[in-house]
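Given these sequences and hints, build the entire structure.
In order, the protein sequences belong to chains A and B. Position 114 of the first sequence, counted from 1, bears residue number 114 in the working numbering, the numbering being contiguous throughout. Position 27 of the second sequence, counted from 1, bears residue number 27 in the working numbering, the numbering being contiguous throughout.
Rather than coming from a laboratory, the hints here were simulated on the basis of the structure. Accuracy of the hints is not assured; some may be wrong.
Stated by the list, open to error - Below, a list of computed lysine to aspartate or glutamate pairs in the EDC-like style, where the Cα atoms sit at most 16 Å apart:
{"hint": "1", "chain 1": "A", "residue 1": "277", "chain 2": "A", "residue 2": "194"}
{"hint": "2", "chain 1": "B", "residue 1": "9", "chain 2": "A", "residue 2": "31"}
{"hint": "3", "chain 1": "B", "residue 1": "107", "chain 2": "B", "residue 2": "137"}
{"hint": "4", "chain 1": "B", "residue 1": "107", "chain 2": "A", "residue 2": "31"}
{"hint": "5", "chain 1": "B", "residue 1": "76", "chain 2": "A", "residue 2": "56"}
{"hint": "6", "chain 1": "A", "residue 1": "312", "chain 2": "A", "residue 2": "340"}
{"hint": "7", "chain 1": "A", "residue 1": "277", "chain 2": "A", "residue 2": "247"}
{"hint": "8", "chain 1": "A", "residue 1": "316", "chain 2": "A", "residue 2": "286"}
{"hint": "9", "chain 1": "B", "residue 1": "9", "chain 2": "B", "residue 2": "128"}
{"hint": "10", "chain 1": "A", "residue 1": "309", "chain 2": "A", "residue 2": "340"}
{"hint": "11", "chain 1": "A", "residue 1": "282", "chain 2": "A", "residue 2": "381"}
{"hint": "12", "chain 1": "B", "residue 1": "75", "chain 2": "A", "residue 2": "60"}
{"hint": "13", "chain 1": "B", "residue 1": "107", "chain 2": "B", "residue 2": "132"}
{"hint": "14", "chain 1": "B", "residue 1": "9", "chain 2": "B", "residue 2": "125"}
{"hint": "15", "chain 1": "B", "residue 1": "9", "chain 2": "A", "residue 2": "24"}
{"hint": "16", "chain 1": "A", "residue 1": "21", "chain 2": "B", "residue 2": "132"}
{"hint": "17", "chain 1": "A", "residue 1": "127", "chain 2": "A", "residue 2": "114"}
{"hint": "18", "chain 1": "B", "residue 1": "9", "chain 2": "B", "residue 2": "101"}
{"hint": "19", "chain 1": "B", "residue 1": "76", "chain 2": "A", "residue 2": "286"}
{"hint": "20", "chain 1": "B", "residue 1": "75", "chain 2": "A", "residue 2": "56"}
{"hint": "21", "chain 1": "B", "residue 1": "76", "chain 2": "A", "residue 2": "60"}
{"hint": "22", "chain 1": "B", "residue 1": "75", "chain 2": "A", "residue 2": "64"}
Claimed, not checked - Across the chosen pairs, the derived CB separations fall in these ranges:
{"hint": "23", "chain 1": "B", "residue 1": "50", "chain 2": "A", "residue 2": "192", "range": "52 to 62 Å"}
{"hint": "24", "chain 1": "B", "residue 1": "36", "chain 2": "A", "residue 2": "63", "range": "20 to 30 Å"}
{"hint": "25", "chain 1": "A", "residue 1": "188", "chain 2": "B", "residue 2": "45", "range": "37 to 47 Å"}
{"hint": "26", "chain 1": "B", "residue 1": "110", "chain 2": "A", "residue 2": "192", "range": "24 to 34 Å"}
The C-beta atom is built at its ideal place from N, Cα and C for all residues, glycine as well.
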Amino acid sequence: MYLTKEQEAMLSGGEGAAAAKMLELLVALGEVFGAERLVQVESAHISGVSYKNLGEAGLEWLTEQADMGARVRIRATLNPAGMDMDKWREMGVPEEFADGQRRVLETFRRMNVEPTCTCTPYLIGHKPDRGTQVAWAESSAVCYVNSVIGARTNRESGPTTLASAVTGLAALYGYRLEEKRRPGYIVNLDQTPETIMNYSAVGYIVGKRLGTIVPYIRGLGNPGTEALKALGASAATSGGIALWHGEGITPEADAMSDYLEGLEKLSIDREDIVEAKEALSKPLKDPIVVLGCPHATLNEIFEISQRVKGRKMEGKLWVFTSRGVYHEAEMAGYMKTIEEAGGRVYRDTCMVVAPLKEMGWSEVATNSFKAAHYMASMGLETRIDTIKGLLEG
Amino acid sequence: MNVKLKGRKVVGGVAEGEALVSSEAVSFYGGVDPETGIIIDHGHPLEGRSITGKVFIFPTGKGSTVGSYVIYRMKKLGTAPAAIVNVETEIIIATGCVISEVPLVDKLDGNPLIDFSDGMHLRVDADEGFVEIISRD
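This is the structure:
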């Protein structure tokens with residue numbers, strides 16, 4: 001792999017031991033994936049934050065980097081932690097876990113990473129420009145930034161995003177290259193999805209059938225932010241999809257229509273959606289309704305507040321969102337409505353990375369295929385329905 | 001006859017150890033217990049075997065990217081393999097080996113899953129990009 005003089009100097013310790021070690025990682029991975037050179041990146045979104053996934057092992061590595069002097073040189077935000085950093089006790093998170101989680105965040109702070117703790121950085125002002133190179137982890141955010149925003153990243157991990165944030169560099173391969181962003185499959189929807197749940201289902205089916213192939217999807221109608229984030233999140237969960245194009249919707253789709261000839265086609269109809277929903281749905285007695293995977297937008301919180309107004313949820317409704325959106329919803333009065341109905345809204349975390357088993361949970365209902373997939377794999381009983389069905393059904 | 005396979009250095013270093021060969025891909029996160037070095041992936045052909053100090057040979061990695069941190073944890077605890085040989089490596093194993101300084105080679109000019117077998121004593125020279133048999137028992 002070709003390195004500039006400046007990069008060679010960084011690799012041999014000219015900018016400190018931490019930067020050298022981080023660049024060594026990026027160069028090694030670049031060699032593995034056949035990158036010819038490095039490229040500058042403008043933003044990073046770092047995953048591997050929940051103490052549940054990181055454990056002492058990950059925390060030890062992060063601490064070592066911070067001790068060696070690792071400091072980020074580009075804007076870097078953080079994925080959700082395993083708990084609301086203020087209301088963890090109310091959530092039922094064990095003390096020992098909270099201690100580990102606090103140490104993780106403190107370590108990231110030392111490296112100047114913004115402790116945003118959200119999977120939707122693009123909803124709170126961290127939104128790169130189209131066409132820029134970025135280093136993002138969190139598979140749902142990767143899908144969003146690549147597909148909906150049109151910036152360029154591979155499906156990165158915790159260590160690689162931190163390495164990019166500290167060096168300002170990434171190896172040039174995969175979805176960073178124009179030709180690797182071309183579609184490999186056409187997906188036709190027989191019917192325009194009417195609910196966020198159905199967009200989530202479409203993503204889940206696409207990921208399951210296509211694995212890591214870039215899909216070109218037709219028939220998506222006119223989806224809003226909520227539908228776009230739901231589709232990408234579930235496509236990245238059931239498969240390894242990091243980039244998709246939506247005809248007439250996503251910024252690169254027009255240019256990609258030149259490469260559709262000869263591609264195989266997949267069509268998705270109503271029955272496929274029902275089948276996908278049933279595979280993750282069991283009849284439940286007394287589930288906790290969990291919403292906000294990926295983190296809820298202001299629109300979603302508004303809808304939730306309207307549907308629970310005057311009802312008695314008594315702790316059986318949990319909503320997850322970012323601090324930015326939480327603040328806006330509080331100003332708008334939506335929070336008060338949800339809390340008066342016995343619902344709870346938490347920041348900094350979500351149902352995928354919180355220690356639900358340790359919190360004593362067993363039955364959950366949600367509108368997100370991503371959330372249902374992960375909660376089922378943790379051994380919880382799940383049901384999928386629309387927000388309306390979950391709160392009024 | 002002394003078998004020596006040449007391949008690609010991913011992470012440098014020189015190590016020797018007993019071979020442990022897995023025909024299946026390996027997930028370190030949830031698949032290997034970092035405290036004991038034992039494979040705990042249910043139904044994996046090597047379930048119950050220890051990879052500590054071994055030249056661990058397997059097709060490729062799989063699973064969560066958190067697996068990279070598990071390799072690092074093992075190195076710190078002294079339960080890591082001496083070296084890793086993959087048919088073709090991927091991001092989780094490569095990242096784990098870089099941050100833990102575990103020698104890693106792949107893309108050998110022979111099939112390591114066939115040419116090497118459990119119990120052989122191997123030498124991995126990742127700097128020079130080769131794996132050779134020192135003794136067959």
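The hints, checked one at a time:
| no. | hint | verdict |
| --- | --- | --- |
| 1 | A:277 x A:194 | 15 Å, holds |
| 2 | B:9 x A:31 | 9 Å, holds |
| 3 | B:107 x B:137 | 25 Å, violated |
| 4 | B:107 x A:31 | 12 Å, holds |
| 5 | B:76 x A:56 | 11 Å, holds |
| 6 | A:312 x A:340 | 8 Å, holds |
| 7 | A:277 x A:247 | 25 Å, violated |
| 8 | A:316 x A:286 | 8 Å, holds |
| 9 | B:9 x B:128 | 7 Å, holds |
| 10 | A:309 x A:340 | 8 Å, holds |
| 11 | A:282 x A:381 | 7 Å, holds |
| 12 | B:75 x A:60 | 12 Å, holds |
| 13 | B:107 x B:132 | 14 Å, holds |
| 14 | B:9 x B:125 | 9 Å, holds |
| 15 | B:9 x A:24 | 13 Å, holds |
| 16 | A:21 x B:132 | 29 Å, violated |
| 17 | A:127 x A:114 | 14 Å, holds |
| 18 | B:9 x B:101 | 13 Å, holds |
| 19 | B:76 x A:286 | 44 Å, violated |
| 20 | B:75 x A:56 | 13 Å, holds |
| 21 | B:76 x A:60 | 9 Å, holds |
| 22 | B:75 x A:64 | 14 Å, holds |
| 23 | B:50 x A:192: 52 to 62 Å | 55 Å, holds |
| 24 | B:36 x A:63: 20 to 30 Å | 23 Å, holds |
| 25 | A:188 x B:45: 37 to 47 Å | 41 Å, holds |
| 26 | B:110 x A:192: 24 to 34 Å | 54 Å, violated |
The structure is inconsistent with the numbered hints 3, 7, 16, 19 and 26, although it conforms to all the rest.
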